[in-house]
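Protein chains: 2
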Amino acid sequence: MKYDLVPFTRLVEHFERLPGIGKKSAQRLAFHILGLPDETVNDFADSLVDAKKKIRYCKICKNLTDGEICEICSDGSRDDSTVCVVENAKDALSIERSGEYKGKYHVLHGLISPMDGIGPDSLYIKDLVLRAGNGNIKEVIMATNPTVEGEATALYIAKLLKPLGIKVTRLAYGIPVGGHLEYADNITLYRAIEGRSEI
Amino acid sequence: MKYDLVPFTRLVEHFERLPGIGKKSAQRLAFHILGLPDETVNDFADSLVDAKKKIRYCKICKNLTDGEICEICSDGSRDDSTVCVVENAKDALSIERSGEYKGKYHVLHGLISPMDGIGPDSLYIKDLVLRAGNGNIKEVIMATNPTVEGEATALYIAKLLKPLGIKVTRLAYGIPVGGHLEYADNITLYRAIEGRSEI
Chain A
1 MKYDLVPFTR LVEHFERLPG IGKKSAQRLA FHILGLPDET VNDFADSLVD AKKKIRYCKI
61 CKNLTDGEIC EICSDGSRDD STVCVVENAK DALSIERSGE YKGKYHVLHG LISPMDGIGP
121 DSLYIKDLVL RAGNGNIKEV IMATNPTVEG EATALYIAKL LKPLGIKVTR LAYGIPVGGH
181 LEYADNITLY RAIEGRSEI
Chain H
1 MKYDLVPFTR LVEHFERLPG IGKKSAQRLA FHILGLPDET VNDFADSLVD AKKKIRYCKI
61 CKNLTDGEIC EICSDGSRDD STVCVVENAK DALSIERSGE YKGKYHVLHG LISPMDGIGP
121 DSLYIKDLVL RAGNGNIKEV IMATNPTVEG EATALYIAKL LKPLGIKVTR LAYGIPVGGH
181 LEYADNITLY RAIEGRSEI
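Here the protein sequences line up with chains A and H, keeping their order.
Going by the numbering used here, 65 is the number at position 65 of the first sequence; the sequence numbering is gapless.
Going by the numbering used here, 13 is the number at position 13 of the second sequence; the sequence numbering is gapless.
Source of the hints: derived by calculation from the structure; they are not laboratory data.
Treat each hint with caution, since some may be false.
Intra- or inter-copy, both count: the list cannot distinguish identical chains.
[Unchecked claim] In silico DSS-like cross-links for lysine-lysine, where the CA-CA straight-line distance does not exceed 27 Å:
1) Lys102 / Lys53
2) Lys24 / Lys167
3) Lys54 / Lys126
4) Lys126 / Lys53
5) Lys159 / Lys24
6) Lys54 / Lys90
7) Lys159 / Lys23
8) Lys126 / Lys138
9) Lys126 / Lys24
10) Lys126 / Lys90
11) Lys126 / Lys59
Owing to the predicted nature of the structure, the values given are computational and were not obtained by experimental measurement.
My request is simple: use the sequences and hints to build the entire structure.
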């Protein structure tokens, strides 16, 4: 473009850098912002800075919190003896949304991936082992994604925890509820047969 | 959700209010923000406030500018005698991107729509008539969208400008380049036949 409206282009570029937002969407969002009342835009800007500033990792489980200890860790009514290990805070939120799980969490903030230079030391694995060592944790549920990295990370952690006498389990594999057999891939089907249960 | 991370929820809500962004996307964007460096987030926040504060309407054509007069209006090399009337700044940008048009613009910031309570006085129509009255404008190209409101607005403006001896034209209707006849709707086809040209 020959004509450049600097403040506008800058805003478009920021939107464009967000995941899943292309050039056209970024422009649409920027035009939308210009049409909003001043207070709304100021509050949006403030919420960005505020979230980034206030939100940190819980001292115990490394989940997101705006305090020292997250609400789940400080909730006495939840089962202390079960810890669900997830890749990131998003996954913890998904499990929490199901409403089924009443134990605690441990967020790794990544998966072991030697190809990307991410070793066990770049993740919060040591913290989990320490937590398991001096707590009353009886079971650790590995809820990493069923990818190569997710599997490798789960096995690695299982090997560290088993000597401590902790039961390590894995989320069930199988056909998604409402899914169709014909659309399931071979490995999923294989795992579903392997993990069959009596009715 | 039982647990509420206030700064996070607030950020998610702001993203959710943007057009085309649902609850899940908003959450994904908020998580993405938390993973960005502090400076990037601060700069994003600043670009929001900055764009909203600095960008206003050009005194002449009502297009967006960060000065008094926009770059297109102050560009002496562009044809002063032709003005292209568009619904909003987005449309002006689209026409500008085609690279074909060398005249000036006039942005209405809306279309006449009695159903929504938008009459001619809520738009920048008076400014266009004034501009046409004391300038050297010879032709006004109506480039409003081919909707009921776009058509009505174009006709309304044409009626005001014709007595001033100004030629009022309309963008051509027809089959989009690369489009297929079988997918064109009846009205578009009718207009394409009506507007046929010799080859």
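Right, here's what the structure says about each hint:
1. Taking the closest pair of Cα atoms, Lys102 and Lys53 never come within 27 Å of each other, the shortest separation being 29 Å inside a single copy and 48 Å across copies.
2. In this homomeric assembly, Lys24 and Lys167 never come within 27 Å of each other (Cα to Cα): the closest approach is 51 Å inside a single copy and 34 Å across copies.
3. In the homo-oligomer, the alpha carbons of Lys54 and Lys126 lie at most 27 Å apart inside one protomer (25 Å), although the nearest pairing across protomers, at 49 Å, exceeds that limit.
4. In this assembly of identical chains, Lys126 and Lys53 lie within 27 Å of each other by CA distance solely inside one copy; the values are 26 Å within and 48 Å between copies.
5. Within a single copy, Lys159 and Lys24 get their C-alpha atoms no closer than 48 Å, and across copies no closer than 35 Å, so neither meets the 27 Å cut-off.
6. With identical chains, the CA atoms of Lys54 and Lys90 are at most 27 Å apart within one copy only, with a shortest distance of 18 Å there and 36 Å across copies.
7. Within a single copy, Lys159 and Lys23 get their C-alpha atoms no closer than 46 Å, and across copies no closer than 38 Å, so neither meets the 27 Å cut-off.
8. With identical chains, the CA atoms of Lys126 and Lys138 are at most 27 Å apart within one copy only, with a shortest distance of 17 Å there and 76 Å across copies.
9. For a Cα distance limit of 27 Å, the shortest separation of Lys126 from Lys24 qualifies neither inside one copy, at 44 Å, nor across copies, at 31 Å.
10. Proximity of Lys126 and Lys90 under a CA criterion of 27 Å is satisfied intra-copy only: 21 Å inside one chain copy versus 52 Å between copies.
11. Taking identical chains as interchangeable, the C-alpha atoms of Lys126 and Lys59 lie at most 27 Å apart only when both belong to the same chain, with a minimum of 13 Å there against 63 Å between chains.
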